[in-house]
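Chemist: From just these sequences and the hints, can you work out the full model?
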Amino acid sequence: MSFDKILSLGQTALELGLVNALTVLALFLSYSMLNVCDLSTDGCFTLGAAVGAVVALSGHPWLSLPAAMLAGSLSGLITAVLQTRMGVQSLLAGIVVNTGLYSVNMAITGSKAQLNMNKTPTVFSMAKEALGGTALSGQYKLLVLLAAVTLVILFLSFFLRTRLGLSIRATGSNADMVRSSSINPTFTTTVGLCVSNAFTGLSGCLMAQQQKSFDINMGSGMVTVALASLLIGGVFLGRRSIPLRAVGAVLGAFIFRLVYTLALRLNMPAFMLKAVSSVIVILAISGPYLKEQGVLLLRRYRAAGERGTV
Amino acid sequence: MLRLNDVSKTFHPGTADAKLALDHLSLHVLPGDFISIIGANGAGKSTLFNAICGSFFTDTGTVYLDGQNITMLPEHKRARQIGRLFQDPMRGSAPDMSIEENLYLAAGIGGWLSHITAADKKSFRDRLALLGMGLEDRMKQPVGLLSGGQRQALTLLMATYQAPKVLLLDEHTAALDPGTAEKVLNLTRSIVEDNRITCLMITHNMQSALELGNRTLMMDRGRIIYDVSGEERGKLTIRDLTDKFRQASGRELDNDRMLLGTEGKQ
Numbered sequence: 001m002s003f004d005k006i007l008s009l010g011q012t013a014l015e016l017g018l019v020n021a022l023t024v025l026a027l028f029l030s031y032s033m034l035n036v037c038d039l040s041t042d043g044c045f046t047l048g049a050a051v052g053a054v055v056a057l058s059g060h061p062w063l064s065l066p067a068a069m070l071a072g073s074l075s076g077l078i079t080a081v082l083q084t085r086m087g088v089q090s091l092l093a094g095i096v097v098n099t100g101l102y103s104v105n106m107a108i109t110g111s112k113a114q115l116n117m118n119k120t121p122t123v124f125s126m127a128k129e130a131l132g133g134t135a136l137s138g139q140y141k142l143l144v145l146l147a148a149v150t151l152v153i154l155f156l157s158f159f160l161r162t163r164l165g166l167s168i169r170a171t172g173s174n175a176d177m178v179r180s181s182s183i184n185p186t187f188t189t190t191v192g193l194c195v196s197n198a199f200t201g202l203s204g205c206l207m208a209q210q211q212k213s214f215d216i217n218m219g220s221g222m223v224t225v226a227l228a229s230l231l232i233g234g235v236f237l238g239r240r241s242i243p244l245r246a247v248g249a250v251l252g253a254f255i256f257r258l259v260y261t262l263a264l265r266l267n268m269p270a271f272m273l274k275a276v277s278s279v280i281v282i283l284a285i286s287g288p289y290l291k292e293q294g295v296l297l298l299r300r301y302r303a304a305g306e307r308g309t310v
Numbered sequence: 001m002l003r004l005n006d007v008s009k010t011f012h013p014g015t016a017d018a019k020l021a022l023d024h025l026s027l028h029v030l031p032g033d034f035i036s037i038i039g040a041n042g043a044g045k046s047t048l049f050n051a052i053c054g055s056f057f058t059d060t061g062t063v064y065l066d067g068q069n070i071t072m073l074p075e076h077k078r079a080r081q082i083g084r085l086f087q088d089p090m091r092g093s094a095p096d097m098s099i100e101e102n103l104y105l106a107a108g109i110g111g112w113l114s115h116i117t118a119a120d121k122k123s124f125r126d127r128l129a130l131l132g133m134g135l136e137d138r139m140k141q142p143v144g145l146l147s148g149g150q151r152q153a154l155t156l157l158m159a160t161y162q163a164p165k166v167l168l169l170d171e172h173t174a175a176l177d178p179g180t181a182e183k184v185l186n187l188t189r190s191i192v193e194d195n196r197i198t199c200l201m202i203t204h205n206m207q208s209a210l211e212l213g214n215r216t217l218m219m220d221r222g223r224i225i226y227d228v229s230g231e232e233r234g235k236l237t238i239r240d241l242t243d244k245f246r247q248a249s250g251r252e253l254d255n256d257r258m259l260l261g262t263e264g265k266q
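Protein chains in written order, with my numbering: chain A, 1 to 310; chain B, 1 to 266.
Derived by calculation from the structure, the hints in this document are not laboratory data. Keep in mind the model is a prediction, meaning the values are calculated, not measured. Where a beta carbon is used, it is the ideal one built from N, C-alpha and C, also for glycine. Keep in mind that a hint or two might mislead.
Pulled from the structure, derived: some chain A residues nowhere near chain B, Cβ distances all over 10 Å [unchecked claim]:
(1) PRO66
(2) ILE78
(3) LYS128
(4) MET177
(5) VAL178
(6) THR261
(7) PRO269
(8) PHE271
(9) LEU273
To give an idea of the chain B side of the interface with chain A (calculated C-beta under 7 Å), a few residues [what the hints assert, rightly or not]:
(10) HIS28
(11) PRO31
(12) PHE34
(13) SER55
(14) SER93
(15) ASP96
(16) GLU100
(17) LEU105
(18) LEU113
(19) ALA119
(20) GLY132
Listing some non-contacts, in silico: residues in chain A with all C-beta distances to chain B over 10 Å [to be verified]:
(21) VAL88
(22) THR162
(23) ALA170
(24) GLY172
(25) SER180
(26) SER181
(27) PRO185
(28) CYS194
(29) MET268
(30) ILE280
(31) TYR289
(32) GLY305
Modeler: Dropping the structure here:
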């Protein structure tokens with residue numbers, strides 16, 4: 001493999017990693033901070049992509065970003081209302097919304113499972129024009145994505161230090177304490193899910209525009225991929241300050257993509273991506289438990305050995 | 001100050017497990033009262049606190065706090081006026097967040113988008129120093145790293161940071177070792193006295209039930225069966241209390257922990 005080739009693979013991994021990083025940051029807020037496993041992520045990612053594509057196709061590439069974020073946070077609002085005010089269990093609320101979003105997404109695209117944006121101005125093509133002729137023009141995709149990810153990290157670092165952000169973190173840590181601090185956990189859960197899903201929507205929007213196409217199934221398995229990335233990032237920067245943990249989440253997304261890209265190079269079929277992400281999530285979550293069980297098993301084995309020798 | 005009129009609560013109504021936890025209970029707490037509450041397990045002591053806090057809504061009756069009808073007010077809206085400590089030291093604070101972050105939320109200062117300021121940190125530090133546990137030098141550490149006693153002391157500080165109208169103590173020293181329990185109890189006493197907070201305390205220790213405060217309630221089967229204060233209370237012994245229990249309920253007090261009253265200095 002030539003050096004150029006490796007470089008271009010690295011760049012692709014970086015770009016896709018940065019797009020996914022936005023979803024990973026969304027889960028960082030909902031899963032790591034609020035302690036809610038938001039299973040509407042897949043549908044919300046596609047929703048952002050659909051809204052972004054339709055708005056871009058109608059000739060407003062910049063408007064597509066806030067539109068996708070707004071759509072995402074509306075979806076988060078519904079998930080939140082279901083679980084905090086209508087007695088639907090948290091996981092089920094996400095699944096139900098996820099299922100419903102398929103129809104919503106089809107309705108948004110006008111019953112089309114695919115949309116083509118090859119000749120449509122997107123935020124990326126706009127950036128390419130704006131950068132035309134400068135030294136950075138070759139890296140226009142990277143620049144747009146880096147800007148988006150940096151802004152989201154800065155926002156989260158600021159937001160999670162405010163009283164509202166702290167209340168959201170406390171809701172995930174000890175809801176009793178939130179109530180006794182005169183704060184309504186229903187409110188903090190709702191705000192948390194709205195903000196988190198806005199980022200998921202933005203992630204989907206940028207993915208569709210970067211690939212210049214929309215597919216109704218493009219969000220499928222996203223929650224597992226993002227969770228895997230989040231857990232990989234936690235290995236490196238899990239016990240640090242909030243901004244560093246957010247950077248860790250982005251790093252995790254990049255590492256995940258890099259490993260995946262390399263595996264593809266080694267002739268792993270593309271359809272294995274989801275199995276790989278599932279295995280990573282399983283290992284990361286069950287690892288500590290299995291380790292504990294292993295230690296117990298070893299002790300039991302040794303105890304049995306000692307009994308035998310007496 | 002706090003008035004409960006004819007409050008009832010049945011858990012699992014209409015099933016075989018139906019339990020009348022509060023039975024047409026009425027109670028009038030005067031400003032500045034420090035009331036100790038005793039009673040066997042399942043007498044309804046914690047249920048009474050839940051009714052005051054709004055953990056559930058009562059089936060009948062009304063609850064007034066400082067002249068305001070709070071019967072249908074949700075829990076988080078009462079919390080500013082009612083502080084509560086549980087037996088479990090883990091319940092009062094968020095383990096993944098630092099001491100100063102916990103205090104900041106409990107203090108309830110500033111708008112939604114405000115940050116912890118240097119002035120806030122200064123006043124947290126001063127208040128923490130009063131606990132005498134060295135927590136003022138560990139404000140950035142996650143609360144999960146603290147011992148049970150330190151966490152309960154922090155919870156006490158959080159619950160009283162803005163002096164509540166009523167403080168409810170639900171055996172808040174029972175899970176601590178005797179030395180720490182005494183320390184937390186002394187802290188409680190000085191904070192309550194300094195801020196003139198009206199206080200209700202559930203305890204299994206009859207000795208401290210009689211020593212602490214100015215009034216003692218005995219509960220059984222969701223009712224207050226004995227309410228004593230003033231001169232009569234001053235002369236009471238543990239023996240008298242067990243006799244009163246037998247008279248009022250027609251049963252023996254079957255709780256060794258309560259009878260002996262030697263389990264630590266609660």
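Chemist: Broken hints, numbered, in rising order?
Modeler: Result: hints 4, 5, 10, 11, 12, 13, 16, 19, 20, 22, 23, 24, 25, 26, 27 break, sorted rising.
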